[in-house]
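Novice: Taking the hints into account, I'd like the entire structure generated from these sequences.
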Amino acid sequence: MALQMTRKKLGDLMLENGDLTIDQLRYAIDKLKSTGHRFGEICLDDGLISEDVLAKSLAEQFGVDFIDLQGFRIDEELLSSFPPDIMYRFSFVPLAQEDESIVVAISDPTDVVKLDELEILLDRPIIIKVASASQISQVLKRGEGTSRVLKEVSEDFMLQLVTETEKGEEVLSVEKISSDTSPIIKLVNSTILDALNRRASDIHIETAMNGVIIKYRIDGVLYKATDPIDLHFQGPIISRLKVMSELDISERRIPQDGRFKVKINDKSIDFRVSIMPSAHGEDAVIRILDKESIAQDMKGLTLDTLGIEMREVKRLRKMVREPYGMVLVTGPTGSGKTTTLYAALSEIHTGEEKIITIEDPVEYQLKGIVQIPVNEKKGLTFARGLRSILRHDPDKIMVGEIRDPETAQIAVQSALTGHLVFTTVHANNVFDVLGRFIHMGIDPYNFVSCLNCVMAQRLVRRLCVKCKIPTTIKDEVLIESGIDPEKCRDATFFDAKGCDDCNGTGYRGRSAIVELLDLNDELRELIVAKSSAILLKKAAREAGTVFLRESAVEKVLRGETNLREINRVTFVE
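Numbering-wise, the sequence shown is residues 1 to 573 according to the UniProt record's numbering.
What the hints contain is simulated information worked out from the structure, not anything from laboratory work. Hints should not be assumed to be uniformly reliable.
[To be verified] With a Cα cut of at most 27 Å, we get these calculated DSSO-like pairs of lysine-lysine:
(1) LYS261 - LYS367
(2) LYS114 - LYS8
(3) LYS538 - LYS318
(4) LYS261 - LYS186
(5) LYS487 - LYS537
(6) LYS263 - LYS224
(7) LYS31 - LYS8
[As the list claims (entries may be wrong)] Pair ranges (Cβ atoms, derived):
(8) ASN567 - ILE469: 15 to 25 Å
(9) GLN97 - SER201: 32 to 42 Å
(10) LYS466 - GLU376: 41 to 51 Å
Glycine included, C-beta positions come from ideal geometry on N, C-alpha and C.
Specialist: If you want it as structure tokens, here you go:
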């Protein structure tokens, strides 16, 4: 690999190209002498240049081409011609095969030793092009690298299937797990890394008749991660997870819950593990709690960032700024209830009032707020914790979830005695919540007296902005979805075909749809009088409530999502 030997200095090139001023160049050179860091790093860290400018300047300095990897997809055939983990170790992207050589994109052409080592490993000459480090990282993170590792490991397991199954029924033992340690650890680690790269919230390991199936939940929907792995390896995979979570590997007949922590690239990530016995063995679900990423998101978390309609945000803001009462959010598991409450808390947190939360578990850590994790094994339940919180002089309280009559009773009493209580409960809509509390034995008059508002919430997936395209929807399909075709003649409907940015799904990220019931005197009287749902809905609509389905249809008409998605999470009333 021949590189130019006489090269201009990087700073001179940037000055010539107008990327740096003479003062900035002098500043960087002075810092270079005192810190010992590299020139490019100093300019980048101090915000003097962008990553693209650095990559273009390095390419010019070394007399090679610059390449923009935006939207680039690795050729699978080319990828299969060398070891799958090599791209991560050397941080490069293979671009093309040219005769006997291979063209690769790298971010640092100055590391000649590393490039020589790569050339020896690949056993062929390499032609380099320069791309920005973040773009190379992005291409690798899209899943090709880790998916390849996952596929390779799965294929190893398939090959072993023939010889292993001839030995008869497997007896699970510590020795057997030890002998399988290397490939099992590789599989579990690759699965976790791949799931993180694909923005998954959960990893499902399911045991079926045809083998072990690994799935990821991305934006609320499950996707298969790889082909089924032979059933022979189900035991070692689950045992590996049990060892990581400090669970009993000999117990396979009862559910077990645990947790473990993994450090990836100096970032600690928590995982919650649930093991459940099933007809074909044991299944596992791993919940990913990437607290550091969440903490980054939390810095800018407000009610505006959740995707909720501005008219509802204004009404909700009014409710969360009341001095006392109860703000109740409802919806199924994974509908973003806790995130909404955190957004509300972060908006009202000024440091002048004592805010205490009790949660199971504490998912996000908020600065300046006292957060208590429920610990049922040690006797710290929601009810017991809530009683203690009231002796801790709080102004505002958040109860992660109301599950039992005792917690409900204390929460209502707290709201009636001058505290502002934020909480969640599992129910389908705002009216089901009322029945749920009354069923728990709460006095209807006390309940409606303390209640400021009830908000039902769902999350719909947003169409990927990179690949969404206008589409036409037939009138009969619109009518089936409860939409009047005449009212939306001017609307443009969108769909997405799938691209690298969204892992081919057509969706990226989620947005909240809500129905907000603002309790006024008329509604309170109707609830205490046990009026019919029809009367309650009529009064709610008059008070300004927009129901979930209507909120979802608005997002479709604005081109944020599609009919298929809103039909998945809501139904036509």
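Novice: A separate judgement is required for each hint: does it hold in the structure or not?
Specialist: Okay, the hints, checked on the actual structure:
Our distance criterion of 27 Å between C-alpha atoms is met by LYS261 and LYS367, whose separation comes to about 22 Å. Taking the CA atoms of LYS114 and LYS8, the gap is about 22 Å. The hint holds against a cut of 27 Å. As the CA atoms of LYS538 and LYS318 are separated by approximately 22 Å, the hinted pair is consistent with the 27 Å bound. For the hint pairing LYS261 with LYS186, the CA-to-CA distance comes to about 17 Å; that is within 27 Å, so the pair holds.
For a cut-off of 27 Å, the pair hint linking LYS487 to LYS537 stands: about 23 Å separates their Cα positions. Taken as a hint, the LYS263 and LYS224 pair is honoured in the structure, with Cα atoms around 25 Å apart against an allowance of 27 Å. Between the alpha carbons of LYS31 and LYS8 the distance comes to roughly 20 Å, so the proposed pair stays at or under 27 Å and holds. Taking 15 to 25 Å as the suggested C-beta distance range, the pair ASN567 and ILE469 conforms, at roughly 20 Å.
Against the hinted window of 32 to 42 Å, the Cβ-Cβ separation of GLN97 and SER201 comes to about 38 Å, which satisfies the hint. The given range of 41 to 51 Å is respected by LYS466 and GLU376, whose C-beta atoms sit roughly 45 Å from each other.
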